[in-house]
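S.K.: Note that the protein sequences, when read in sequence, are chains A and B. In terms of this note's numbering, the numbers along the first sequence are unbroken and rise by one, the last being 753. In terms of this note's numbering, the numbers along the second sequence are unbroken and rise by one, the last being 918.
It should be emphasised that the hints constitute simulated quantities derived from the structure, not laboratory data. These figures come from a predicted structure and were not determined experimentally. Please note that the accuracy of each hint is not assured.
[To be verified] Restricting the straight-line Cα-Cα distance to at most 20 Å, the calculated cross-link-like pairs of lysine to any residue (SDA-like) are:
1) A/K77 x A/R42
2) B/K755 x B/D822
3) B/K848 x A/S23
4) A/K633 x B/L878
5) A/K75 x A/Q88
6) B/K848 x A/S5
7) A/K686 x B/K882
8) B/K755 x A/T115
9) B/K848 x B/K907
10) A/K631 x B/S885
11) A/K633 x B/R881
12) B/K848 x A/P12
13) A/K75 x A/D96
14) A/K686 x A/D673
15) A/K686 x B/G795
16) B/K848 x A/A18
[Said to hold, decoys possible] Examples of chain A residues toward chain B, derived with CB under 10 Å:
17) A16
18) R31
19) D114
20) E277
21) G482
22) G652
23) A655
24) S657
25) M691
26) D692
[To be verified] According to the in silico footprint, chain B covers these stretches of chain A (three or more CB under 8 Å from chain B):
27) 473 to 481
28) 679 to 686
For every residue, glycine included, the Cβ atom is placed at its ideal position computed from N, Cα and C.
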Amino acid sequence: MKEYSIIGKDVPRTDAEAKARGSALYTDDIRLPGMLHGRILRSPIAHGIIRSIDTSKASRLPGVKCVITSDDTPKIKYGNWRLFPETQDEYPLAVDKVRFIGDEVAAVAAIDRDTAEEALELIEVEYEELPGTFDVESSRAEGAPVIHDYCPSNVSVNRKIKYGDIEKGFSESDYIREDTFSFQAISHAYLEPCASLAQVDLDGRITLWTSTQTPYIVQCLLASTLGMRENDIRIIKPYVGGGFGGKMELRPWEFCAALMAKKTGRPVKFTLGREEEFLAGRRRHPMKIHSRVGFKKDGTLVAKDLRIQLDGGAYNAMGPTATFLCGNFGAMLYRYPNYRFLGEHVYTNKPPASAMRGFGAPQSLYASEVQMNIAAEELGIDPVDIRLKNAQVSGDQIPDVATISSCGFSESIRAVAEMSGWYEKRKSLKPGQGIGIGCYSFISGGVFNWFNTQYPFSAAEVRVFSDGTAHLLTMASDIGQGSDTVLKQILAEELGLRMEDIRMTSADTAMTPQGDLGTWGSRVTLMAGNAVIDAARKIKEQLFGAISARFNLNVIHHVECKNGRVQATARPDYGMSFGEAVAMVQKANRGEPLFARGSYTPRGKGLVTPAFGFGAQIAEVEVDRETGLVKVKNMWTAHDCGTVINPRSVEGQLAGSIQMGLGYALSEQMVMDGGRTVNVDFADYKMPTAMDMPPSEVVHVDTYEPEGPMGAKETGEGLASPTAPAISEAVYHATGFRCKDLPITPEKILKAI
Amino acid sequence: MKHNIKIVVNGDEYSLAVDPWRTLNEALREDLNLTGTKLGCGTGDCGACTVIVDGRAVSSCLTLAVSVDGKSVTTVEGLAPSGDELHPIQEAFIKTGAIQCGFCTSGMEIAALHLLSNNPSPTELEIRKGLSGHLCRCTGYNQIVEAISVAGEKMKKCCHEEERS
Numbered sequence: 001m002k003e004y005s006i007i008g009k010d011v012p013r014t015d016a017e018a019k020a021r022g023s024a025l026y027t028d029d030i031r032l033p034g035m036l037h038g039r040i041l042r043s044p045i046a047h048g049i050i051r052s053i054d055t056s057k058a059s060r061l062p063g064v065k066c067v068i069t070s071d072d073t074p075k076i077k078y079g080n081w082r083l084f085p086e087t088q089d090e091y092p093l094a095v096d097k098v099r100f101i102g103d104e105v106a107a108v109a110a111i112d113r114d115t116a117e118e119a120l121e122l123i124e125v126e127y128e129e130l131p132g133t134f135d136v137e138s139s140r141a142e143g144a145p146v147i148h149d150y151c152p153s154n155v156s157v158n159r160k161i162k163y164g165d166i167e168k169g170f171s172e173s174d175y176i177r178e179d180t181f182s183f184q185a186i187s188h189a190y191l192e193p194c195a196s197l198a199q200v201d202l203d204g205r206i207t208l209w210t211s212t213q214t215p216y217i218v219q220c221l222l223a224s225t226l227g228m229r230e231n232d233i234r235i236i237k238p239y240v241g242g243g244f245g246g247k248m249e250l251r252p253w254e255f256c257a258a259l260m261a262k263k264t265g266r267p268v269k270f271t272l273g274r275e276e277e278f279l280a281g282r283r284r285h286p287m288k289i290h291s292r293v294g295f296k297k298d299g300t301l302v303a304k305d306l307r308i309q310l311d312g313g314a315y316n317a318m319g320p321t322a323t324f325l326c327g328n329f330g331a332m333l334y335r336y337p338n339y340r341f342l343g344e345h346v347y348t349n350k351p352p353a354s355a356m357r358g359f360g361a362p363q364s365l366y367a368s369e370v371q372m373n374i375a376a377e378e379l380g381i382d383p384v385d386i387r388l389k390n391a392q393v394s395g396d397q398i399p400d401v402a403t404i405s406s407c408g409f410s411e412s413i414r415a416v417a418e419m420s421g422w423y424e425k426r427k428s429l430k431p432g433q434g435i436g437i438g439c440y441s442f443i444s445g446g447v448f449n450w451f452n453t454q455y456p457f458s459a460a461e462v463r464v465f466s467d468g469t470a471h472l473l474t475m476a477s478d479i480g481q482g483s484d485t486v487l488k489q490i491l492a493e494e495l496g497l498r499m500e501d502i503r504m505t506s507a508d509t510a511m512t513p514q515g516d517l518g519t520w521g522s523r524v525t526l527m528a529g530n531a532v533i534d535a536a537r538k539i540k541e542q543l544f545g546a547i548s549a550r551f552n553l554n555v556i557h558h559v560e561c562k563n564g565r566v567q568a569t570a571r572p573d574y575g576m577s578f579g580e581a582v583a584m585v586q587k588a589n590r591g592e593p594l595f596a597r598g599s600y601t602p603r604g605k606g607l608v609t610p611a612f613g614f615g616a617q618i619a620e621v622e623v624d625r626e627t628g629l630v631k632v633k634n635m636w637t638a639h640d641c642g643t644v645i646n647p648r649s650v651e652g653q654l655a656g657s658i659q660m661g662l663g664y665a666l667s668e669q670m671v672m673d674g675g676r677t678v679n680v681d682f683a684d685y686k687m688p689t690a691m692d693m694p695p696s697e698v699v700h701v702d703t704y705e706p707e708g709p710m711g712a713k714e715t716g717e718g719l720a721s722p723t724a725p726a727i728s729e730a731v732y733h734a735t736g737f738r739c740k741d742l743p744i745t746p747e748k749i750l751k752a753i
Numbered sequence: 754m755k756h757n758i759k760i761v762v763n764g765d766e767y768s769l770a771v772d773p774w775r776t777l778n779e780a781l782r783e784d785l786n787l788t789g790t791k792l793g794c795g796t797g798d799c800g801a802c803t804v805i806v807d808g809r810a811v812s813s814c815l816t817l818a819v820s821v822d823g824k825s826v827t828t829v830e831g832l833a834p835s836g837d838e839l840h841p842i843q844e845a846f847i848k849t850g851a852i853q854c855g856f857c858t859s860g861m862e863i864a865a866l867h868l869l870s871n872n873p874s875p876t877e878l879e880i881r882k883g884l885s886g887h888l889c890r891c892t893g894y895n896q897i898v899e900a901i902s903v904a905g906e907k908m909k910k911c912c913h914e915e916e917r918s
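Produce the complete structure using the sequences and hints provided.
M.R.: Written as structure tokens, this is what we have:
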């Protein structure tokens, strides 16, 4: 393995001190002179026609500066799937109809929050309530209420994947397993509620500070919904308090802040309350999964027939991508020679589901993994052995969809089995105790250009200075995962500089290079990392030329940037400081500053992703037979993320994944009463605390991803998947109860045992 | 009618006129511009808004500003002794990787200060209990627990040295 000076080291995060001091500014921390406070009026009914809206009383309330409904807007629909305009089904404020409890109907801006809140109560809306539909079966039934006129079937997206011969596969199978699974919605529960602040300059251009994962997407969709030009909108992402997929679309309050800032000439800020976040916020898709899998007697997989229905809620949001990815993930981990997938995205009158950490994988892989465990038991094979028998390896293909490049899956399974003492514990644990395995694979960014960006997927600009420093500019968005640190590490390594030599500007659409699609799908390290390397190498070419000329080097000499110097590798005395080398290039160019642009767009990488991460996890649990409570006693993880750029960050994300996976498995769910989300605070939405976290051990399997920067690929998102199936299998091992509808609550366990 | 209150925040005395329903969180963030204290839920469930009032850790979102009249408040901005130095708790949070998105951090650090002031050598379980009113969605808590343990050791050493000198 190549020796690095900064890559793979425990470099402290560059934003950590500002956060530790409380001086890092998040959107709601920013105040501007004359700023107004916005609030949104939301629909109290799940489905209905808006007969009339009377805002006159609200407008007359002293301190209220602006009240808007859709009649004050251009009424232009938006949605992230810009490549297919028919999927763009949302208006910033409801036009004629509301489709879920929490749908945005009107907005108020006032001199303070209390006044804005009071004004909301003075807006009179007359609704004609329509029958609603709250699950996929009812939505697909004959005569079901139609939620969007353009889509009478309520099925807004279909996705099929098919290869091999499925019928032949099943006819050749010795053992066929058929199961149905269902999944609850859960909340991203990022700690920072959404906030946006808009300001209009004297030319009418808009600056929007917003808690987002995707500044470029917000810029484009805000422009289109306001009927403005993209370049007249500037999006700045301040520090963001987590996203997990929940902040990657244009949101109504971003639109309202911008429009109301225009109308009033004053800055307007919206900050959501936690109750709004739970009541109306995006969430992980509830799903129904029907899976039929065929095996040979020896455990070899032969065929899989997968049908998934996603309960999308009232709008598409990122549902089309989730639909597509469910089918992709259904074909991952193991070699299925014959495979068929049908995914349907179904509208219901519930708050829209959208992207959330794992993006279809937690559901799809839960089904795969539980079925592997059932099959292993019924075929008399150990769950670890049946996985090793079928595990995907480097070079495997999913026809027309993806080719797997680096793959440390089998190594991960073996490592985790060894760490946990798997074979021994499977035999020796007492009743009430159990151990189980779950595995994952995940993408390193998406290939399919659903947003229809006209720019590179990621870009970077590097400027270097004669004082030995550099300035890295990129639109990549650090939302807490640590990408600013990782991208700086990559640049520092390439240029032979120290972290403190690099200034960074990120995620400002007017200042950082076009383009970047944002933070989702574990794309940033690979894609923005490659863009940084591309820019850095162009800088190095110039510096190397200067050194070669200055020292009259033979053309075969290798020149390097190392320890703050630019020098011939074989003759380090033929070299000079980084700053001096920059000064020489600058002189040769008559004072022109030295800078370079780099970019990355995946090409020839199939439909899904340039690289897959893999891993396996084992959970040990103890189940209290009196109360049904599950205590997770230990977690072991072995994973393959290619080169580890920042070990502390990777381990931190892994532990965070376990927290989320633990919640998904055992306690978290958005409890629905028809279209109403019942549990709208953290007291009733049960997220694991420090007391619930098990001890955890981790091994990074050593692989190198050729497409990734310095060999790196995804981490931290795929890990959201294995925890639930691992715990589920451990609970089965402990109690004999096999859960096919998450979460695994004490009630379900007690009823079963 | 607004009430006049006097509070000492991080050693500085402030006089404020506040509505009776104004929370300490609003007073800190909006009147005093001390935005290091966050607001994560407004219902006292997440711990992001935690500050210390006269030695007690409280949710500033549930504490009325009028109720802290005459009292002393410590927020995250009061931890570091200067712009060049950090508090051992902050240092440990940075070093162990206990900070990701950072939104829970100030509340966690204040909880750590409260815990370590009352129990200079907490066990791991005591640290976890001390954090059980604080939610984090990024870190899985383990590195935060480690940070508090590291900070506790460092603080004991500092105090010990101070006593000796």
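S.K.: All hints are to be evaluated individually against the structure, with a verdict given for each.
M.R.: Now for the hints, and whether the structure bears them out:
{"no.": "1", "hint": "A/K77 x A/R42", "result": "holds, 18 Å"}
{"no.": "2", "hint": "B/K755 x B/D822", "result": "holds, 13 Å"}
{"no.": "3", "hint": "B/K848 x A/S23", "result": "holds, 18 Å"}
{"no.": "4", "hint": "A/K633 x B/L878", "result": "holds, 14 Å"}
{"no.": "5", "hint": "A/K75 x A/Q88", "result": "holds, 12 Å"}
{"no.": "6", "hint": "B/K848 x A/S5", "result": "holds, 18 Å"}
{"no.": "7", "hint": "A/K686 x B/K882", "result": "holds, 17 Å"}
{"no.": "8", "hint": "B/K755 x A/T115", "result": "holds, 16 Å"}
{"no.": "9", "hint": "B/K848 x B/K907", "result": "holds, 13 Å"}
{"no.": "10", "hint": "A/K631 x B/S885", "result": "holds, 16 Å"}
{"no.": "11", "hint": "A/K633 x B/R881", "result": "holds, 15 Å"}
{"no.": "12", "hint": "B/K848 x A/P12", "result": "holds, 6 Å"}
{"no.": "13", "hint": "A/K75 x A/D96", "result": "holds, 11 Å"}
{"no.": "14", "hint": "A/K686 x A/D673", "result": "holds, 17 Å"}
{"no.": "15", "hint": "A/K686 x B/G795", "result": "holds, 17 Å"}
{"no.": "16", "hint": "B/K848 x A/A18", "result": "holds, 13 Å"}
{"no.": "17", "hint": "A16", "result": "holds, 4 Å"}
{"no.": "18", "hint": "R31", "result": "holds, 7 Å"}
{"no.": "19", "hint": "D114", "result": "holds, 8 Å"}
{"no.": "20", "hint": "E277", "result": "holds, 9 Å"}
{"no.": "21", "hint": "G482", "result": "holds, 7 Å"}
{"no.": "22", "hint": "G652", "result": "holds, 5 Å"}
{"no.": "23", "hint": "A655", "result": "holds, 3 Å"}
{"no.": "24", "hint": "S657", "result": "holds, 7 Å"}
{"no.": "25", "hint": "M691", "result": "holds, 5 Å"}
{"no.": "26", "hint": "D692", "result": "holds, 9 Å"}
{"no.": "27", "hint": "473 to 481", "result": "holds (count 3)"}
{"no.": "28", "hint": "679 to 686", "result": "holds (count 3)"}
The structure shown violates none of the earlier numbered hints.
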